[in-house]
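> Take a look at the letters that make up each chain.
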Amino acid sequence: MFKNLTIGQHYPVDSPIHNLDPRLKIIFTIIFIISLFLIESFIGFLIVIVFLTVVITISRVPVKFVIKGLRPILFIILVTFIINLLMTPGRVVLTLGFIKITEEGLRQAGFMAVRLILLIMGTSLLTLTTSPIILTDGIESLLKPFTKFGLPAHELAMMMTIALRFIPTLMEETEKIMKAQKSRGADFESGNIISRAKNLVPLLVPLFISAFRRADELAMAMEARCYRGGENRTRMRQMKISKGDYAAAFVFTVYFAAIIVFKIW
Amino acid sequence: MNEYIIKIDNVKFKYEKNSDYAVKGVSLNIKEGEFTAIIGHNGSGKSTLAKLINSILLPSEGRIFVKGMDTSDDTKLWNIRQTAGMVFQNPDNQLVATIVEEDIAFGPENLGIEPEEIRKRVDDSLNTVGMYEFRKRPPHLLSGGQKQRIAIAGILALNSDCIILDEPTAMLDPSGRKEVMETLKKLNAEGKTILLITHYMDEAVQADRVIVMDKGNIKLDGTPKEVFRNIDEIKKYGLDVPQVTELTQELIKEGLNLPSDIIEVKELVDILCQ
Numbered sequence: 001m002f003k004n005l006t007i008g009q010h011y012p013v014d015s016p017i018h019n020l021d022p023r024l025k026i027i028f029t030i031i032f033i034i035s036l037f038l039i040e041s042f043i044g045f046l047i048v049i050v051f052l053t054v055v056i057t058i059s060r061v062p063v064k065f066v067i068k069g070l071r072p073i074l075f076i077i078l079v080t081f082i083i084n085l086l087m088t089p090g091r092v093v094l095t096l097g098f099i100k101i102t103e104e105g106l107r108q109a110g111f112m113a114v115r116l117i118l119l120i121m122g123t124s125l126l127t128l129t130t131s132p133i134i135l136t137d138g139i140e141s142l143l144k145p146f147t148k149f150g151l152p153a154h155e156l157a158m159m160m161t162i163a164l165r166f167i168p169t170l171m172e173e174t175e176k177i178m179k180a181q182k183s184r185g186a187d188f189e190s191g192n193i194i195s196r197a198k199n200l201v202p203l204l205v206p207l208f209i210s211a212f213r214r215a216d217e218l219a220m221a222m223e224a225r226c227y228r229g230g231e232n233r234t235r236m237r238q239m240k241i242s243k244g245d246y247a248a249a250f251v252f253t254v255y256f257a258a259i260i261v262f263k264i265w
Numbered sequence: 001m002n003e004y005i006i007k008i009d010n011v012k013f014k015y016e017k018n019s020d021y022a023v024k025g026v027s028l029n030i031k032e033g034e035f036t037a038i039i040g041h042n043g044s045g046k047s048t049l050a051k052l053i054n055s056i057l058l059p060s061e062g063r064i065f066v067k068g069m070d071t072s073d074d075t076k077l078w079n080i081r082q083t084a085g086m087v088f089q090n091p092d093n094q095l096v097a098t099i100v101e102e103d104i105a106f107g108p109e110n111l112g113i114e115p116e117e118i119r120k121r122v123d124d125s126l127n128t129v130g131m132y133e134f135r136k137r138p139p140h141l142l143s144g145g146q147k148q149r150i151a152i153a154g155i156l157a158l159n160s161d162c163i164i165l166d167e168p169t170a171m172l173d174p175s176g177r178k179e180v181m182e183t184l185k186k187l188n189a190e191g192k193t194i195l196l197i198t199h200y201m202d203e204a205v206q207a208d209r210v211i212v213m214d215k216g217n218i219k220l221d222g223t224p225k226e227v228f229r230n231i232d233e234i235k236k237y238g239l240d241v242p243q244v245t246e247l248t249q250e251l252i253k254e255g256l257n258l259p260s261d262i263i264e265v266k267e268l269v270d271i272l273c274q
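Chains V and L supply the protein sequences, listed in that same order.
Residues in the first sequence are numbered consecutively from 1, following my numbering.
Residues in the second sequence are numbered consecutively from 1, following my numbering.
Watch out, some of these pointers could steer you wrong.
Unchecked claim - Here are the simulated EDC-like cross-link-like pairs (lysine to aspartate or glutamate), alpha carbons at most 16 Å apart as the crow flies:
1) L:Lys51 <-> V:Glu217
2) L:Lys51 <-> V:Asp216
3) L:Lys51 <-> V:Glu104
4) L:Lys24 <-> L:Glu61
5) L:Lys76 <-> V:Glu223
6) V:Lys240 <-> L:Glu61
7) L:Lys178 <-> L:Asp161
If you're looking for bench data, these hints aren't it; they were derived computationally from the structure.
These figures come from a predicted structure and were not determined experimentally.
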C-alpha cells in the first residue's frame, strides 16, 4: 500500500540539471517565482513557457511527470480562475442571469491560472531533479549565514534528514499495525467521517508510542556515534560550483533580464 | 597494563535512586583482540553493562576503563565512544541517513575528519562488511542482516578498536544472523576486540570466551567448553545450552563414554563415528 511512495517525487536520471549545485537550484527557483509575479503580459508568459520547456527537455524528466504534479492543486487553480472571472469589475462582455463576465475578469483569471500552473511546474522541477538528501544539504548551506541571528540551520537540516529517513519506516509500521488491528476486528473503511476518525485511534496510539521509542533509541545510537550537534562537523560530500553551474547561472540571468526588460517596456 | 582494552572494576549501577541494582559489583577485564560473548536472561544486566562501557550510562559505584580512559571522565567521552563503538539491537533505529554511504559517513563527520579521509574510510568499511555495491541504496530497502552490517560498518568508520554489540541478531532471521556472525568473526580475525551480547547459544559457542550473567552478577566465565559443561547451572539461570551439549550429557547418563565438553555438532559426529 505504501511501498511505492516516493518523497518529493525525485526522478533519478543523469542530466545537466540534476547535476547542478542544489544551492543554485534553490536560488533559481526563488527568483523564478518572483519573475512570475513580475509578469503583466502574455508575451512575458510566453518567455517563461519557452524557458521552462527548454529546462524540462534538458532535465530529461518526462513532461507527463511534471504535469502530474499539477493534479493535487487542480481544484485550487479552478477556484482561483472562477473567483477572478466573476469578481473582477469592468466592461461586461457576457451576461448569464445574475452572472456578469467582464473583459478584465477574463484577463485576470487567465493570468492567475497560467501563473499558478507555471509556478507549480517550475517548483516541482526542483524536487524532481534533486534528491531529498542533496536538497537538505543545499538548504543547510544556504541557511548557514543566518545561524548568526540564532537560526538553527544544522538542526533543521538534521531534522529533515531524519524525517526523510523514517517516513518509509513509519509507513511500514502503520501498515503492520493496521493489519494487526484489522485481524482483531478493527474497521478502518466504513462509517462516516467522524466514526472513521474515531476508528483511527487504535492505529495512532501504538504508532506514536513506537515512534517515541524509536526516537529515544535513535538519539542513543547517534550519541554513541559521537554526534554532538553541528559544531566542528565536516561533511563527506562537498558542494562545489562547477563550470555547468556558471553556464546555468548565465542562462538564468539572461532569462530574468528578459523578464525585467519586458516589464519595463 | 594496556593489554586489557576494557577494565571493569567492581561496578555497580542502578537506574533510579530507590530501585534495585541492575549491575551488582561486576569486575571484568577484556583483552585486546578477544571475542567475548555475554549471555544472560532478560534483566540480567548484560545490556546495562554494555551501555556502561560505552559511557552512555555512568557507574553508580566502581570504575570502568576503556583503553586506560575512565568512562566517568567527561573530557574523554568522545574518545571512549570512538574506541569502543556500539551496535544496537534494532537495525532500523540506528541508521540516520537516507543513503547507505551517507549513514556510514555520519560517525566520521561528527569527529570533524577531512572529506577525502571520510570517503576512504566509508569505502574501506563498506568493503570490509561486503556491502560496497549497496552504497547508494536507501537503508529501508535492505534486509535486517544487511542493515546490521551497515551499522557495523558505521562503527568501523570511526576506527574503533573494540565493537560492542547489544543483541545485534535478536531481530534478524537465521540467514541475517549468520551474515552478522560471519562479519564479526572476520573483524575479530583482523584484530578487532568484539564484545557480543546475545541470547543465542550457538552464537556464544563461536566466541573465544563466554560470560554468563544473572541478576546483575557474573556467574560463569571461561571458554565455551568450560562454560557449557555446567548444564544444570546454566539452566538455573533460565538459559539453554547448545543442543548438542545437552544430547552429549544425556548420552553420558545412558552410559556412553563421551567427553563432557562437546559444544559443536561436528565434534560429536567425529567422536561417534570413530
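> In ascending order, which of the hints set out earlier in this document are inconsistent with the structure?
Numbers 3, 6, 7 - these are the hints that the structure violates, sorted from lowest upward.
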